[in-house]
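**Student:** Line order of the protein sequences matches chains A and B. For the first sequence, our numbering gives the first residue as 1, with consecutive numbering after it. For the second sequence, our numbering gives the first residue as 10001, with consecutive numbering after it.
Hints may contain errors.
[To be verified] Computed footprint of chain B on chain A, listed as stretches where at least three residues anywhere in the stretch have a Cβ under 8 Å from a Cβ of chain B:
1) 195-202
2) 704-718
[Unchecked claim] Examples of chain B residues lying across from chain A (beta carbon under 8 Å, computed):
3) R10037
4) Q10039
5) L10073
6) Y10111
[To be verified] Distance windows between CB atoms, simulated:
7) G906/A <-> D10076/B: 29 to 35 Å
8) G906/A <-> P10136/B: 28 to 34 Å
9) A658/A <-> A10019/B: 45 to 51 Å
10) P807/A <-> T10058/B: 57 to 63 Å
11) A10019/B <-> H582/A: 55 to 61 Å
12) R930/A <-> G10041/B: 48 to 54 Å
13) L253/A <-> T10061/B: 48 to 54 Å
14) R930/A <-> E10067/B: 49 to 55 Å
15) E10198/B <-> S49/A: 56 to 62 Å
16) A10196/B <-> R734/A: 49 to 55 Å
Hints were generated in silico from the structure; no laboratory data involved. The beta-carbon is built from N, C-alpha and C at its ideal position, and this holds for glycine as well.
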Amino acid sequence: MTLSDSAPEDRSLAFRTDGSAHEPGDRTALRAASRQPYRRASGGRIDRSKPVHFTFDGKPVSGYAGDTVASALIANGVHFVARGFKYHRPRGILTAGSDDPAGLVQVGSHDALTDPNTRATEQEIYPGLEVFSQNAWPSLAFDVGVLNDVFHRFLPSGFYYKTFMGPPGSWMGFEKIIRAAAGLGRAPKAPDPDRYEHVNHHCEVLVVGGGPAGLSAALAAARTGARVVLCEETAELGGWLLSADPATRIDGLSPAEWIAAAEADLRAFDDVHILTRTCAYGYYAENQVNLWEKLSDHQLPADRDPALPRQRNWRVRAREVVLATGALERPLLFPGNDRPGIVTASAALTFAERYGVLVGHRIAVATNNDAGYDAACRLKAAGADIVSVIDQREAAGIGAAERASAAGISVRHGAAIVSTSGRKRIARITVRALGADGGPTGSPETLACDALAVAGGYSPNVALFSQSRGQLRYDEAIGAFVPGHSVQRERSAGASAGTFDLGACLAEGAKAGLEAALAAGFAGEAGSAPSVEDSALLAGRLDPRVVLPAARAGRTFIDVQNDVTVKDLRLAVQEGYSSVEHAKRYTTTGMGTDQGKTVNINAFAVLADKQALKLPAVGTTTFRQPYKPVTFGVMAGAHTGAHFQPRRTTPMHDWQVANGAIFETSGDWLRAWTYPRPGETPEEAVQRETRAAREAIGMLDASTLGKIDIQGADARTFLNRVYTNAWSKLAPGRCRYGLMLNEDGMVMDDGVTTCIADDHFHMTTTTGGAASVLAWLEDYLQTEWPDLDVRLTTVTEQWAVASLSGPKTPELMAALLDDLDPDPESFPFMAWKPAHIDGVPVRVFRISFTGGVSYEINVAASYSAWLWEKIMAAGAPFGITPYGTEAMHLLRAEAGFIIVGQDTDGTMTPIDLRMDKMVSQAKGDFIGKRSLSRPDTARTDRRQLVGLLTDDPATVLVEGAHVIATAEEPAPPVPMLGHVTSSYFSPTLGRSIALAVVKGGGGRMDETLHVTRPGGGTPIPVTVTEVDFLSLKDAGHA
Amino acid sequence: MLDPRRRSPLAHRMPIRAASGAVSLAEWPFLSKLIVRCQAGRDATAVEAVTGVALPTTACTSATAGERSLLWLGPDEWMLVAPDGEAAALETDLRAALTGPHTQVVDVSDYYTVITLTGARGRDVLARLVTIDLHPRHFAKGRVVGTLAGAVNLLVWLRDESDAAGPVFDVIVRASMADHVWCLMAEAGRAFGCPAQEPRGGERLRGALEDVA
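For reference, chain B alone in the conformation it holds in the complex:
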């Protein structure tokens, strides 16, 4: 059950569904996320034993079992995503299982949030933000890359894709920059019917006051 005391970084944003139906945006809040650093050759079995997911070793790929996925971030670095509430136990169990050198397990569930982008024009929206090749021949289901959207680091993960549902992208972004990225994505979707999203702003700023004075 969701703890009402928690608040997600994009709690102030309502999901967007473009009138055309070709683009939808929604926050996927509170997903458990852990950074796992280990040696694939030595530790894959241990990781799989705890998570139930086979450790993907091909660059920029992911593996999923049930509701858990492992996203390849680097030769010795993965992000484990799992349903809300699993992070603490997974952190404890993985730390116990990964006893060798050059390992690390860290809960980063609240560091990042996920913006799920769906709809037939999802690729076109992302192409306005990131420079990577998103064509289905080069970016198929399960692919995950770390990249930049303007000044923001993010992970782009094609969690699912089917003829019926189209692509399901999860964009994993720092909480503090989520509002900026949300608005950029909506802006990129304008041509496909997304409403404009005004970024958070209008705060009283120190410099602005000094300018007046």
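Isolated chain A, as found in the complex:
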């Protein structure tokens, strides 16, 4: 068995490679795999003493430590790794880096750990690594989806928009089919067990890119004493130097020696961070650049350090940024340009020099610039046969053709590829001479090859520069966009600035690094420029023409991941989508996971060509964060699972858990909802707790209520302005309930505020409103009333609160308190007094949210768990029962007290709540007062809060149910009078009770209305009542 797909037309082989017809034994396979027929005899950064065995679609593959999946597969003759998104055509590896558009694989088979859409060019291999092809069923070699390719002419650009149009409702059906066909890889099915973390880091100089310019920049900046971060996307520093001619010399050192020396110099500085396998994926405002570090994706899971996270998100805030992100080589456009085995010339060199792998044994080179000649000569020197250099220009730059011919390489000038063949790997190209108009003229000539290197010119990698909002400039000489005007504190150096000469890159990097450090306030001087011996041919005079043979010749692909062709783009322009942003979305060009890194500029060129515009007039699409797809894990960091967000607990939490509490969330708080006893349902528990609070003693943990300490001579004035009622005469020792409105006159919060001294008050707010009310009050105090002598400080958690209610409470209080007579006669309702329990200071408030005899004990929080248990013990003879928030809701509903946010929804005024008495007409202005007289707010037929009693006392209405006037539910739209806001079965009344907001409800007392049932059915007849059900009961009305 062979893994090689170099015999692409052989169907039987195709079936063997997908594993459906195994050849005998894995041993044979391993032996075949270990041959690595495309591995060079020597060279590369791989460790040949460490063979690494992994699998691709279940079949064994061998490579060496230091290989990527792509380099190991190519070493074994495999280029075909995936299938295209739309037409399911075979897809190979185009580049050697993160810009590769379509060489996407699934890594790992574990339900929780599998990673889809991983670039084969980025995934480093380790023993036991499992790699799978994507977007192919039942197998990569035999894929049903390829039928889309047969019918490709029925899938033009804008296919979605044209096909899935109507009739109304049909999208629901289409969506299922589209969803099934969409996407490439498989998402993990189980929760991610890996850890991730965020690290905030500040530095003076961030250098992005570890190539020659980046290394020079980092060195220059580090020598000034500045804090430097150098990040490099791949496993090793060096960048293009790792792919350079080994004969190159920098200050007499080989590229590898120079890189090692530079790295050693950098590591000697304390304040330099070198991050490899780290991609700068987002450039944000204020010079924040986010880096994505992969710590262990290259390691065997068993070897991964459990103390370390899998990946880190570095949020780097840099004073200055140096972008040394290099350049990306563009492919060429010609019919059949999407076959596996077609690689960029620079990728072919990287595979040869960095990984010791030849992309083919018989390589053809197509180019529009001199870099193609450089690649051809070096690939030949590396051991490959060069079939020919096909140069679309009539003449090469000075020395290029000569060097090729000296190396024995044939060159076809003024020629282009017009078609290719080879199913799973390119096998033949057909070449024709070009006429003056760029069209083919000569007779076709077919050349056999097993790889095709394409050199379409270099595009500076300006993604981060553009993310920083820098303006691009088109450079005619290199036929690409380069950084123009900077907006943030950054500078580009080296190839990312359009500088390709090695010596110039080193000098430009050093200059940028020093300038950045100086700009950040550090001092230093420029070092001497290194001497460079480099024979590389640069692009030279590039022919930017898009040479496109006649349309009939076959499909020319622009975007090989999303399967967008030149024809699609031209059709988009023809149909009016001429703007680059429109054409992108209409055709999906550059919208794959690669975001069109290599291919976008070709798309812009086609759009320009079709509209007879110059390329700069077409412009570019927007470069957005992230530079490449980032894992959800690294976005979330440590804030997942139990660490997701704070769950605020009171000091009584552990006791509540131990006593069987079920909790509910209230904001970030966990509050005890009810305390069911063994064998009791939560509903039964709520009824029992409510009865206890009415008949004996109930105790509620009310610690979560917001509390604000208010001090200052103008405190009363302040309260008069923020509450609807009057506060001028509230004496020290007394408490008062207040309603707070927003400017629209709507109820925003409520609570009891206590006068401790003339210039000292204690305000309480709702639990959920605590933070927003304080911010609201501070806002008014600081911006509207800075003259008021008032200061506010939150004391929410300083005081823990036990709210005791029930007829036996005074007796219990008498037993508890050291120095206070709790007799309700001498210590009346709405009063407070300081006291002690076992010598511990407490504040006792005679306030009630139940309508019964109540005491609230406030104690410094550190004593509260002790005090809670002391009260439970002292209350046991009285039948004390802890109750939760549900019984609290029921108790207050029996008394007709509102809950802001349940019985109000931001559209209720105090008048709507029929709490007119809470609105002082005598005092001066207060927030929301003016809005109460707006015609709409003053209407008398607004929804008003009323009580509802069902005819059948056992029927409990559903909260949210609609209140209507008729006994039968009319056809929609149903005229709605209001809705039920609170509904319970009241043990005190022995029947159901409900609160509702009803149009003109205050004028409808004793009227019969009807409440709808969820899901239909005969509406439930109800009688409108006042809200204080306890009084109704006492009066015999309920």
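Given the coordinates of chain A, assemble chain B onto it according to the supplied hints.
**Tutor:** Below, chain B alone, put in the same frame as chain A:
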């Protein structure tokens, strides 16, 4: 003497000392803490007379005298920290001393607790929680900032730093969120040898029951 009836917010957590020795976490319970609002120009003398500490007026700095410190929180706001048991007397005395308008003295000792973070990698641990620049050039001994760790407000105070002991950070956090922050800090210290700390949890939740039903 410690009153056994009191319980601190992190009483259920044992101090952590990473195997590497580079990170230690411990609660500093029951420290007296008071919010002092006053006008620096007018009231500094009065505050110093009561507390013995000169009122720091430079943003994000603190001043210490003996066992008491004043932490700058805002142009007219400080936190006074003092040994356990001093809060009540300090509150009374300061209120008596600060008679002018726009003043406030409030005991918040039990509102917040303190997580003390020490060890050579203390800065690295905090850098995983807060966005501020903790480099010694920018965050030296005595510095104090109010900031966010995820969804949590906290104060970060570099109480002390020496070559021998390394940095001593006090993280002042609301009692109700202390367990969350403690666990986040331990998680941030994992790379330096801190054991994982499981946040408080596992309670029966109303929604979860309804899901089952």
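**Student:** Go through the hint on Q10039/B and say holds or violated, using the shortest Cβ distance to chain A against 8 Å.
**Tutor:** Nearest chain A Cβ about 11 Å off; hint violated.
**Student:** Starting from the hint 56 to 62 Å, judge whether the C-beta atoms of E10198/B and S49/A obey it.
**Tutor:** The hint (56 to 62 Å, Cβ to Cβ) is violated, given that E10198/B and S49/A are roughly 44 Å apart.
**Student:** Interface hint check: R10037/B, Cβ to nearest Cβ on chain A, cutoff 8 Å. Holds or violated?
**Tutor:** holds (5 Å)
**Student:** If you check the beta carbons of G906/A and D10076/B, does the distance land in 29 to 35 Å?
**Tutor:** At 33 Å between Cβs, range holds.
**Student:** That 45 to 51 Å hint for A658/A and A10019/B (C-beta), does it hold up?
**Tutor:** violated (33 Å)
**Student:** Given a hint of 57 to 63 Å, does the C-beta separation of P807/A and T10058/B actually sit inside it?
**Tutor:** holds (59 Å)
**Student:** Do the numbers back the hint for L10073/B, that is, is its least Cβ distance to chain A under 8 Å?
**Tutor:** violated (11 Å)
**Student:** Between R930/A and G10041/B, does the beta-carbon spacing fit 48 to 54 Å?
**Tutor:** violated (38 Å)
**Student:** How does the Cβ-Cβ distance of A10019/B and H582/A compare with 55 to 61 Å: does it lie in that range?
**Tutor:** Cβ of A10019/B to Cβ of H582/A: about 59 Å, so the range 55 to 61 Å holds.
**Student:** How does the stretch 704-718 of chain A fare against chain B when you require at least three residues with a CB closer than 8 Å, holds or violated?
**Tutor:** Holds: 4 residues of the stretch 704-718 of chain A have a Cβ under 8 Å from chain B.
**Student:** So, Y10111/B near chain A? Judge it on the closest CB pair being under 8 Å.
**Tutor:** Holds, because the Cβ-Cβ distance from Y10111/B to chain A comes to roughly 4 Å (cut-off 8 Å).
**Student:** Per the hint of 49 to 55 Å, is the separation of the Cβ atoms of A10196/B and R734/A within bounds?
**Tutor:** Once the Cβ atoms are compared, 51 Å apart, the range 49 to 55 Å for R734/A and A10196/B holds.
Figure legend: structure checked against the earlier numbered hints; hints not met, in rising order: 4, 5, 8, 9, 12, 15.
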